[in-house]
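Chemist: Going line by line, the protein sequences match chains A and B.
So for the first sequence, this note's numbering puts the first residue at 1; every next one is plus one.
So for the second sequence, this note's numbering puts the first residue at 1; every next one is plus one.
In short, the hints are calculated from the structure, not lab data.
Only true hints are included.
For identical chains, the list gives no copy identity; a pair is met inside one copy or between any two copies.
The list that follows gives simulated cross-link-like pairs (lysine to any residue, SDA-like), each with its CA atoms no further than 20 Å apart:
#1 140 / 43
#2 156 / 105
#3 140 / 127
#4 156 / 74
#5 156 / 102
#6 238 / 210
#7 189 / 77
#8 156 / 36
Computed from a prediction, not measured in an experiment: that's the story for all the values here.
There are 2 protein chains.
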Amino acid sequence: MNTPARLAHPMTRKRVVIIGGGFGGMTAARCLRDADVILIDRTNHHVFQPLLYQVATASLSPGDIAWPLRTVFRSQPNVQIVMDEVVSLDHTAHIVHLRHNTPIEFDALIVAPGVRHAYFGHNEWESFAPGLKTIGDAVKLRERILLAFEEAERQKADTGKQSRLSFVIVGGGPTGVELAGALLDLGRKTMGPDYPHLRVENLSITLVEAGSRILSELDPKLSAKALAALHRMGVTVKLNTPVTAVRAGGVMLGDEWIASTNVLWAAGTKPSPLLRTLGVDQDLCGRIKVQPDLTIPQDPWIFVIGDAAHCLDRNGTPLPGIAPVAISEGRYVATLINEDLPPAHRLPFTYHGRGRMVTIGWAQAAAQLGPFHTLGRMAWSLWYVVHIFILIGIRHPVRVMCKWVWAYLTCKPGARLLFEQHIVEHKTALNDQAAGRITEERTPVRRAA
Amino acid sequence: MNTPARLAHPMTRKRVVIIGGGFGGMTAARCLRDADVILIDRTNHHVFQPLLYQVATASLSPGDIAWPLRTVFRSQPNVQIVMDEVVSLDHTAHIVHLRHNTPIEFDALIVAPGVRHAYFGHNEWESFAPGLKTIGDAVKLRERILLAFEEAERQKADTGKQSRLSFVIVGGGPTGVELAGALLDLGRKTMGPDYPHLRVENLSITLVEAGSRILSELDPKLSAKALAALHRMGVTVKLNTPVTAVRAGGVMLGDEWIASTNVLWAAGTKPSPLLRTLGVDQDLCGRIKVQPDLTIPQDPWIFVIGDAAHCLDRNGTPLPGIAPVAISEGRYVATLINEDLPPAHRLPFTYHGRGRMVTIGWAQAAAQLGPFHTLGRMAWSLWYVVHIFILIGIRHPVRVMCKWVWAYLTCKPGARLLFEQHIVEHKTALNDQAAGRITEERTPVRRAA
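Bound conformation, chain A alone (with noise of 0.2 Å):
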């Protein structure tokens, strides 16, 4: 099929099909008002990822970070959830095929899947070292790391002895930064008290870093703050050292060997599988290497954002996985599809970047605004006001009770989520018991025209 500069004729509705509800799939979602809008995503709510490592880590609850998307786009009647799993993109015939829907036609579409950690090719690791992505991550994660702390108690009683409680994070990235500092308080300060045998010597948490410095999107002076900052809060970090093994029972750093129950996988992502389907050019990550506007070379209407393109800033630099490049990434792309811009008269898409803020820790933060760079008590309260306004701005979050009231009031409870690692086996199961009733042929559903 041949693909006009412009979009179907401007009488008729144009349907745009966005895969993934993250940050750059929501944002645009929210800004397409004159189009229909398909949001196709494998779980049935919008995570707000900035804070997993605070639900793996038992500071909040998996509904106080996480949204049903029907619920986010209840007031907007133009976009229509779809929960299940884009296999392939047939980028000519402009189709999605989805897992248990039938194939939906686009006039647009916008990709953004978000990514996966990646195992440098050694996926086995997965099972020793999990990553934190989504909430059934996150979910994973805690009941691992609370466990740990109940089997440590147990040796305790069992053996009179207790061997190191120790945790690897691998990755000196923020996730990897804030899950250690994280950690640290959560064993020294909230399980301390309720763990008798627990000893604060006896628990060891070791940051693991390929590269020569941690947090190395910030200025080096505020990484180099940050590293002492660990230090001083007692966890180990390690530079230069890449890991060459992750077994059962600990990590091999090169040929040092760390006993650990756990590992915590916080390096390198990889974007979903899907990506490769689109046949265009990816970066070693496996991002696609989009156009200025955020397309891909075939097709002025297939735009590709967050995580799982490769987009260069003005100095030439890939912009990095996070949140508000996604947004403003979301926004350019609506903005394309509302004025129905042919490629000619696009303007490329800029990022302008705030600045960047990581929790070290309890009253810890870094915080880099421009040039304006500080470390401490004073960085983290900046990033514990913006956040909870970022959180406002998505949900209010209200007590429990209120919460109560409120469901029985205006019928509308918070914790309506699906944890991903249940879905599939849900979905084989639903789908056995209504095989007899869906019996048409899975035909393209034809657009409006």
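We have chain A already, so just place chain B on it with the hints.
Modeler: For chain B alone, kept in the frame of chain A given last:
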């Protein structure tokens, strides 16, 4: 071992082992001030069971109605928490055998393992008709219910038609009635706006009761009113209807087949198989027939309380398996142990019921307080106030932001729960990892003497 009428020499602290951290076990542990208490539970948390149905119907999050036992007893150093499963009881040797930990000797034992659901000898029904006893059950049930709505929506999109979204609830007790009402509210008031294709007439909820009336523990007049209320709301109630078969696609009632993708089980209960190892008379439901002082005939220092105990009230009818009964049983037993009362000096346990309350849906409840019977909005407000106060009594619920501030300032996050269904796999994993460390032979722990 010959058990003395009195416990070990008054100068030595006695060890009390409690099996189960439910209402009975938790209350007993709280009241045992001058003994070394070991509280054993398969999970790490106490669940506020009366609100489980609200987690299953997504009104509340797991973290709202469950909290870690270690935190509950943080300020009570004489209570030690052991997260493990009891595999058998040796009541002659006074030893409890655990799956993972070393066996534990005791001076006094309180058995409060609670119940699971019974399928009247058809355990194969469980996979098609899950029950609701633990947080794990509630989360699974919630996922099943939410996925049913997604599935119905998808069916409509695919086939243009939608078979009735049909829920069948087996059992007309409080749980069944509360689930039926909450499901109806969820479907009509909450999901309605979120699922464009969902029509109220497509939603069908059937409550099946084998007996001649629902809420049989209430006064007949009141349970008749409750039945009428359910009918008015649109719930189909089938009385005198035993379930003869449960399959993937629905249930067989007598010779009537009801197609349903969602059959929820709220009928029979059976106590933990553990009780058999006591070698004591059990009633038809498998509950232990206890003495007037809640002990087993062979031993004045082994108590059975809560759902697991078959205990007669003044009229000779067995006490119901509800929280208030378990709580007062826990208090009674703790007093006997605290005062080290020999059997001859013990007053029989008596329960003074304050009444019963059951919600029937939005602003609808049935309340029976002595002679005072009422149904409707007032009963609901009463139910509501009572439960909020009980909840507050155990833990102050705070809104997310406060939770968060709280977690940072006091380092006591509230979401530290392990969902039951994951524990086993993790434990095994952890044990493999710990195998190298735990070498000592597992000999019984001697108690101080």
